[in-house]
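Chemist: Residues per chain are reported as follows:
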Amino acid sequence: MTVEATYGVPTVAMHTDKFVTVVHQVAEHNGMTGLRQVFVPQPIMGKTAAQLRAYVDGADPVTGRPVMQEVLDGLTRPFDASELGPLEFDRSTPRLLPSDTEDNLHRLFLESEWTDKLPIVIPTEERVEAMLKATRRTPDEVVGRMRPTHFREYWEYTVEKVAVNAVMAGARPEYFPVILALAATGVSARGSSSSSVAAMAMINGPVRQEIGINSGTGALGPYSHANATIGRAYGLLSQNLQGGSTVGLTYMGSMGNSYAYNSLTFGENEERSPWEPFHVQHGFRPSDSTVSAFSGCRSTAFTLGLREKHWREHVANMFRGMDPHGPPTLLLDPITAWQFIDRGGFTKKDALIDWLYETARMPAGEYWDYQLVQNYIYPRATFGEEPWASKLKAAPDEMIPMFRREDIHVVVVGGETNGYWRIMGCNYQNTVSVDEWR
Amino acid sequence: MGANGKITALNPVGFAPKVMRKPLAPRLDTLEGKTIYLVDCRFDDSDIFLKQMQAWFAERMPGVRTVFKPISSVYLNDDPATWQEIKARGHAAILGVGH
Chain A
1 MTVEATYGVP TVAMHTDKFV TVVHQVAEHN GMTGLRQVFV PQPIMGKTAA
51 QLRAYVDGAD PVTGRPVMQE VLDGLTRPFD ASELGPLEFD RSTPRLLPSD
101 TEDNLHRLFL ESEWTDKLPI VIPTEERVEA MLKATRRTPD EVVGRMRPTH
151 FREYWEYTVE KVAVNAVMAG ARPEYFPVIL ALAATGVSAR GSSSSSVAAM
201 AMINGPVRQE IGINSGTGAL GPYSHANATI GRAYGLLSQN LQGGSTVGLT
251 YMGSMGNSYA YNSLTFGENE ERSPWEPFHV QHGFRPSDST VSAFSGCRST
301 AFTLGLREKH WREHVANMFR GMDPHGPPTL LLDPITAWQF IDRGGFTKKD
351 ALIDWLYETA RMPAGEYWDY QLVQNYIYPR ATFGEEPWAS KLKAAPDEMI
401 PMFRREDIHV VVVGGETNGY WRIMGCNYQN TVSVDEWR
Chain B
439 MGANGKITAL NPVGFAPKVM RKPLAPRLDT LEGKTIYLVD CRFDDSDIFL
489 KQMQAWFAER MPGVRTVFKP ISSVYLNDDP ATWQEIKARG HAAILGVGH
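If you read the sequences in order, they're chains A and B.
Residues 1 to 438 in the working numbering are what the first sequence spells out, letter by letter.
Residues 439 to 537 in the working numbering are what the second sequence spells out, letter by letter.
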């Protein structure tokens, strides 16, 4: 779109047919309804040159016309006015929905794709007003912007809009500053990636005790009203405030991800952790309350404890089972956190992360051949970005780090019923003050 | 709830930016004698696909000059150097493959 609109070069964009609805809408919402787009069958990945030549010689699965005829027409056929769309259009919607019965409103919310398909609490004026009383911020104050993917435009939202979604999730007013802080991260819990991403939200500081956030037994499960509804609110506000999360349009996750139901929302078990809390690592005081947002949650590795003889190898094996595109965040039950100190002497979290960085290695030849590495890291390496550019110089059998050190994180959560622990493949994004949103 | 059994709810949807139409480049009269950039977005196996398209041009339209051009980095990043090159040295572009 940039080449066409900014540089004035006639362009045809090629896509696979699974994305026909998405790409037409993205073009329309970028003011380029007439953008010439041609389609070939899905997938491109893994096909031989001969198979892809057949795509070139074959028909566009959307129009039925020869692909190359569509391409040639796209570059030479003048536009007519009907292709170009309106000069401008406004997608704003009214603040209030038309009054209706409760049953009909539930149907409206479900059919409008405003829910996670579970029953919601109807956001009446009274309920939203009660939610708004839990913050000193004004209802019309802008909280942030969000979008489901890089190609989409940002949508904006206010305190009141966040409150509406918090009510829908069943959250209590006292949770609202945490939900506002999550909205202020700008990190969507409804990314549209075909890789089926989910978000993870971790809460630190005194607010955990104040509102009953669970950081102990069952913290990542459906065993705390605060964890459950704050996490659900994060998902609902993401999909509704960013412009949707509709399958085939604004959500393309091939398999989907059940983590998305409440975005893995939990408190860090600071009281039983041997290390400083996560938010303190990121510049906050222990007395501050914060939320930290992680994106791209897909892969999970798990095991029990650290065995005396082969614990190092077991950790390395867990890393090798993960895709190197998704850096690791370790979720350690306090038992295992203390075991890392007993086994490895990691009295400082930094020392543990140093060791994890050195341990997570694989042969360079295997690393560069991962599809996601090819898609997202190899291009940056060839562009000269470090540390990937240096990794490219490694011989195929040289053991190279799978991850950047700064992308590896460790948090402590769980109730010490045993020393189970997990590695979550995900990207830490940012930490936002809850206190600023009280 | 009102006397008629109906209730009023707030709209949960955020604020969309207004869409303004952007200009599309004039199309070419002919491709003969022109240079077309085949821009590889470096996602999945788009390079293999575009090279097959390049072969098609060589066989079927030898009067069209094609340049296979991978973007500089990952498709998430803008690439003004590549766009400037296409503007300066090319007449049209085919970008792919969005999945």
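One or more of the hints may lead you astray.
Here are the simulated EDC-like cross-link-like pairs (lysine to aspartate or glutamate), alpha carbons at most 20 Å apart as the crow flies [stated by the list, open to error]:
#1 B:444 - A:83
#2 A:133 - A:369
#3 A:393 - A:416
#4 A:18 - B:482
#5 A:47 - B:523
#6 B:444 - A:369
#7 B:472 - A:73
#8 A:391 - A:416
#9 B:456 - A:153
#10 A:47 - A:17
#11 B:444 - A:358
#12 B:444 - A:153
#13 B:460 - A:83
#14 A:393 - A:358
#15 A:133 - A:210
#16 B:489 - A:57
#17 B:456 - A:156
#18 A:391 - A:436
#19 B:460 - A:88
#20 B:444 - A:103
#21 B:456 - A:90
#22 B:456 - A:28
#23 A:391 - A:358
#24 B:460 - A:125
#25 A:391 - A:406
#26 A:117 - A:129
#27 B:460 - A:153
By construction, these hints were calculated from the structure, which means they are not laboratory data.
Computed from a prediction, not measured in an experiment: that's the story for all the values here.
Chemist: Within 20 Å, alpha carbon to alpha carbon, are residue 472 of chain B and residue 73 of chain A?
Modeler: Status holds; Cα separation ~15 Å.
Chemist: Compare the distance between the alpha carbons of residue 391 of chain A and residue 358 of chain A with 20 Å, and conclude whether the hinted pair is satisfied.
Modeler: Between residue 391 of chain A and residue 358 of chain A the Cα gap is close to 14 Å, so the pair holds against 20 Å.
Chemist: Check the hint pairing residue 444 of chain B with residue 103 of chain A against an upper bound of 20 Å on the C-alpha distance.
Modeler: 10 Å, holds
Chemist: Do the alpha carbons of residue 391 of chain A and residue 436 of chain A lie within 20 Å of each other, as the hint requires?
Modeler: 42 Å, violated
Chemist: Take the C-alpha atoms of residue 489 of chain B and residue 57 of chain A, compute the straight-line distance between them, and say whether it is at most 20 Å.
Modeler: Cα-Cα ~13 Å, so holds.
Chemist: Compare the distance between the alpha carbons of residue 47 of chain A and residue 523 of chain B with 20 Å, and conclude whether the hinted pair is satisfied.
Modeler: Since the Cα atoms of residue 47 of chain A and residue 523 of chain B sit roughly 30 Å apart, the hinted pair is violated (cutoff 20 Å).
Chemist: Can the restraint linking residue 47 of chain A and residue 17 of chain A be considered satisfied, given a maximum Cα separation of 20 Å?
Modeler: 16 Å, holds
Chemist: For residue 456 of chain B and residue 156 of chain A, compute the direct alpha-carbon distance and say whether it is at most 20 Å.
Modeler: 11 Å, holds
Chemist: Taking 20 Å as the top limit, are the C-alpha atoms of residue 18 of chain A and residue 482 of chain B close enough?
Modeler: 15 Å, holds
Chemist: Take a quick look at whether residue 456 of chain B and residue 90 of chain A sit within 20 Å of each other, Cα to Cα.
Modeler: Given pair residue 456 of chain B, residue 90 of chain A holds - Cα atoms ~5 Å apart, limit 20 Å.
Chemist: Between the alpha carbons of residue 393 of chain A and residue 358 of chain A, is the straight-line distance 20 Å or under?
Modeler: 18 Å, holds
Chemist: Would the pair residue 133 of chain A and residue 369 of chain A pass a check requiring their Cα atoms to be no farther apart than 20 Å?
Modeler: 54 Å, violated
The structure is inconsistent with the numbered hints 1, 2, 3, 5, 6, 8, 11, 12, 18, 24, 26, although it conforms to all the rest.
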